[in-house]
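Q: Okay, here's what each chain looks like letter by letter:
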Amino acid sequence: MSGPQGIGAPVKRKEDRRFLLGKGQYTDDILLPNQTYAVFVRSQHAHAKINKIDATAAKAVPGVLAVLTGDDVAAAQLGGIPCGWLVKSKDGSNMVEPPHPALVQGTARHVGDPIVMVVADSKAAAKAAAALVEIDYDVLPAAGRLADAIKPGAPVVWPDAKNNVCFDWHIGDPAATDAAFKKAAHVVELELSNNRVAPNAMEPRAANGSYDGANDHFTLYTTSQNPHLTRLLLAAFTLHVPEHKLRIIAPDVGGGFGSKIFHYAEELLVLWASKRIGRPVKWTSDRSEAFISDAHGRDHLSKAQLALDANHKFLGLRVHTYANMGAYLSTFAPAVPTYLYATLLSGPYDFPAIYAEVKAVFTNTVAVDAYRGAGRPEASYLLERLVSHAARQLKIDPIELRRKNLIKTDQFPYQTQVALQYDIGDYQSTLDMALEAIDYKGFPARRKATEAKGKLRGIGISTYIEACGIAPSALVGALGARAGLYEAATVRVHPTGSVTVMTGTHSHGQGHETAFAQLINERLGVAIENVEIVHGDTDRIPFGMGTYGSRSLAVGGSAIYKAVDKIVDKGKKIAAHLLEANVSDIEFKDGNYRVVGTDRVKAFGEVAFAAYVPHNYPIDSVEPGLEENAFYDPKNFTFPGGTHLVEVEIDPETGVVEVADVAIADDVGVIVNPMIVDGQAHGGLAQGIGQALFEEAIYDEAGQLVNGSFLNYVMPRAADLPNFKVGNHVTACTHNPIGVKGVGEVGAIGVPPAVINAVLDALAPLGVTDISMPATPEKVWRAIQQAKGA
Amino acid sequence: MAVLTLRVNRQTHTIDVPATTLLVEALRDTLRLTGTHVGCDTSQCGACTVHVDGRSVKSCTMLAVEAAGAEITTIEGMADGDRLHPMQAAFQEHHGLQCGFCTPGMVMSATDLCTRNPNPSEGDVRHWLEGNLCRCTGYHNIVKAVRAGGEGMKGAK
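Chains as they are written, first to last, in my numbering: chain Z, 4 to 793; chain D, -7 to 149.
If we strip away everything but chain Z, and leave its shape as in the complex, we get (with noise of 0.2 Å):
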């Protein structure tokens, strides 16, 4: 072992080298013996009724195996694709859930419908064929973007949900926050959209389903966030086989943010049609596919008002907010726009009153889901707009108007008015860091040198929280959620002392085959290369919920610590023994049990030999052996929170926004391995200013995706990012054993408001008071020219 490898060691990582050296094993990288192929036909069209299919010159294709459609998946009675939230509407109904079965029976309801899966020896074969695959469509009007759908009179996604609505809910007390509106001295409104965006993970999406005969038992590769949730999705409801003949490996993910927890009906099906066919069948996505048929993220159009008394504290908040939820409700879509927004847009201040309502509408687009932050960058983005609004409208510094309503170091625990109670928080502290890593005092004198360039430069904040960790199953099965939301570890320590840690969680880029390691070097003093971490297998580990929300450190990780627990008690039985004196009396510190007070030790290595090679044992009372298993529920949400600070230059005659300067601090809680972190914390960043600035999923009114590729559709490249300033101060959760709250979204959520409003700064003195996400060169440009002419 060189140096420290615990907790705060910025360690290497172990996965790097496989990557490395080309040695990754994604899903499309496995070829099982016999595979064949398979390549949807999905629809063109975004609302159509499908007359009929004819496959004959499809079926002639040489090597082409199986044609399959609707009805085949109608007489196997295969389930439709579930959804894992029920919200309920205000007026106690359930959501409208309409039928999703995994290729189409009738109508298809958005471009990339799969309508059609053909099966062949070649993927060539199956291509060629599936070009041969002729539909009879009836076109239908179809609500292709979410401000169409819900004008009167607009199509019918679903003929059982009324005006397109899944649902209409709220939260907050209305009559308190009316109140709070009557006597307030200032009231400020915005409108905003939340742009709609694709996930883009840099591997698209595959599935690999083998069936083998002999022994009833099916195995699926997939590029999964959650493989233990695919396989109980798929054997409740869709495929409708027991898990022990289901196997699910999610081997390495290319990237998931989202877009990869949902279970998706190319999983179900290929495992299907190997069945069918006796072969395994492997399909994978193209990227102009993964546009149409992976879930989107954000889509929001909100109207929120605030209101503040003659001091400009803040009074009241009230938020109304249309949803897209797309053609179908993906795994968890209803929970996005609600427990995972509305409750956090209460954001790091004190509010008396809040009341927010939150109508889900369905659209004829490809579902939107959970993507990274998920609803809480789009109550962060309509917070953060809001106050900075506010501050414009008021005369008043944007700091100070946050500092004035920050919740207080001594308010924790705050009890919002919207359901979350923050267990610890320091706001001030990492607005300061951020002011002070930004030189905020310098900006007036940056702002002249860009003017003196004949360009605009303009600063912007953003003071965010978010929620992490989703919990405790018990709260969430109260509103709604068919799942827990817990997470399982076992630890299983080796005859010689090595250990290997099967967790529910997964990582596809975060680093747990390290950070998880260190965890055990940590409590247990092993050195991480002799620590393996098993993710990813439905066979190998237990149970896991998977990784999203930034929860695999705070509820996987506590689960791991809660099984080193265990394994330690059992270590203290076994020293006692070894060691002749009571377990009372025994103390387990750096890797050694010791008698306290005197030098007989035993090393924890000499513990577990003697647990596997029980010749001096306890036998009478203490099983040989040294494996833990531990379930850990969280108490409570994580609550990381900070402030990002953005600074831009805007050439005024091109509308170009160039990010000059980004400088954030966070506090995520404790720190396990800050290179980690710091990459977590940049990877986020790109993704928010990618939705600030050039990202926009963008559906045309008769709903055909019209950028749907990477030559389109935006993508953040080297020469569009700056270098990030990225500072953290701690307050550790209250309630994990860690102390961890979670990094992966804090980027995206913290970062696109201070970009608007560094723009908006940037653009005031000209006179534009408002600009929507993403601001382009085209719309700045606008902007611009509109307020010259205004």
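Some clues are possibly wrong.
[Said to hold, decoys possible] Derived DSS-like pairs: lysine-lysine, alpha-carbon spacing no greater than 30 Å straight-line:
1. Z:K592 - Z:K576
2. Z:K728 - D:K136
3. Z:K26 - D:K136
4. Z:K278 - D:K146
5. Z:K565 - D:K146
6. Z:K26 - D:K146
7. D:K136 - Z:K17
8. D:K146 - Z:K15
9. Z:K130 - Z:K278
10. Z:K444 - D:K146
11. Z:K456 - D:K136
12. Z:K458 - D:K136
13. Z:K130 - Z:K91
[What the hints assert, rightly or not] Residues of chain D clear of chain Z, computed beta-carbon distances all greater than 12 Å:
14. R(-1)
15. T4
16. A60
17. L76
18. H77
19. D104
20. R108
21. A148
[To be verified] From the structure, some residues in chain D lie toward chain Z, with a derived Cβ separation under 7 Å:
22. R127
23. C128
24. Y131
None of these hints come from the bench; they were simulated from the model. Given the structure is predicted, the values throughout are model-derived calculations rather than measurements. C-beta: ideal position from N, C-alpha, C; glycine also.
Take the given structure of chain Z and dock chain D to it, following the hints.
A: Frame of chain Z; chain D shown alone:
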């Protein structure tokens, strides 16, 4: 079908593939060198970048037959036995990778840059990586890694 001889990572392979086979398909599907990845279908993402006669090329933009006779290097051919190439080592040292999917293309592209320009500025690196998309790192640590890798390559010569 076309019978062609590909020289990949200092080994010679004779393969029989349809004439329309892309270089990336020959590498991944025929030679099973799956370290070269496919992240898009419009030659934008750069995950499939390899070296053809020492120059970085997106292997989805080239037919396998066009690469016949050339010296092709993929990510699998970069390390010297157990010893990582300096660019690979720099990516690990500077946490220039997270999910690892764009990484092979990044490494191949970056080594070409540093061969052409041994002292790239931060701006040079960011500009050069125009054709390589990463969704995880925000590029911050990739840029650091590339410059450090360039330094390392000088020492290795």
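Q: Work down the list of hints and note, for each, if the structure agrees.
A: Hint by hint, here is what the structure shows:
{"no.": "1", "hint": "Z:K592 - Z:K576", "verdict": "holds, 15 Å"}
{"no.": "2", "hint": "Z:K728 - D:K136", "verdict": "holds, 14 Å"}
{"no.": "3", "hint": "Z:K26 - D:K136", "verdict": "holds, 23 Å"}
{"no.": "4", "hint": "Z:K278 - D:K146", "verdict": "violated, 55 Å"}
{"no.": "5", "hint": "Z:K565 - D:K146", "verdict": "violated, 49 Å"}
{"no.": "6", "hint": "Z:K26 - D:K146", "verdict": "holds, 26 Å"}
{"no.": "7", "hint": "D:K136 - Z:K17", "verdict": "holds, 20 Å"}
{"no.": "8", "hint": "D:K146 - Z:K15", "verdict": "holds, 23 Å"}
{"no.": "9", "hint": "Z:K130 - Z:K278", "verdict": "holds, 21 Å"}
{"no.": "10", "hint": "Z:K444 - D:K146", "verdict": "violated, 42 Å"}
{"no.": "11", "hint": "Z:K456 - D:K136", "verdict": "holds, 29 Å"}
{"no.": "12", "hint": "Z:K458 - D:K136", "verdict": "holds, 29 Å"}
{"no.": "13", "hint": "Z:K130 - Z:K91", "verdict": "violated, 43 Å"}
{"no.": "14", "hint": "R(-1)", "verdict": "holds, 18 Å"}
{"no.": "15", "hint": "T4", "verdict": "holds, 19 Å"}
{"no.": "16", "hint": "A60", "verdict": "holds, 20 Å"}
{"no.": "17", "hint": "L76", "verdict": "violated, 6 Å"}
{"no.": "18", "hint": "H77", "verdict": "violated, 8 Å"}
{"no.": "19", "hint": "D104", "verdict": "holds, 15 Å"}
{"no.": "20", "hint": "R108", "verdict": "holds, 17 Å"}
{"no.": "21", "hint": "A148", "verdict": "holds, 16 Å"}
{"no.": "22", "hint": "R127", "verdict": "holds, 5 Å"}
{"no.": "23", "hint": "C128", "verdict": "holds, 5 Å"}
{"no.": "24", "hint": "Y131", "verdict": "holds, 4 Å"}
In this structure, the earlier hints numbered 4, 5, 10, 13, 17 and 18 are contradicted, and the remaining ones agree with it.
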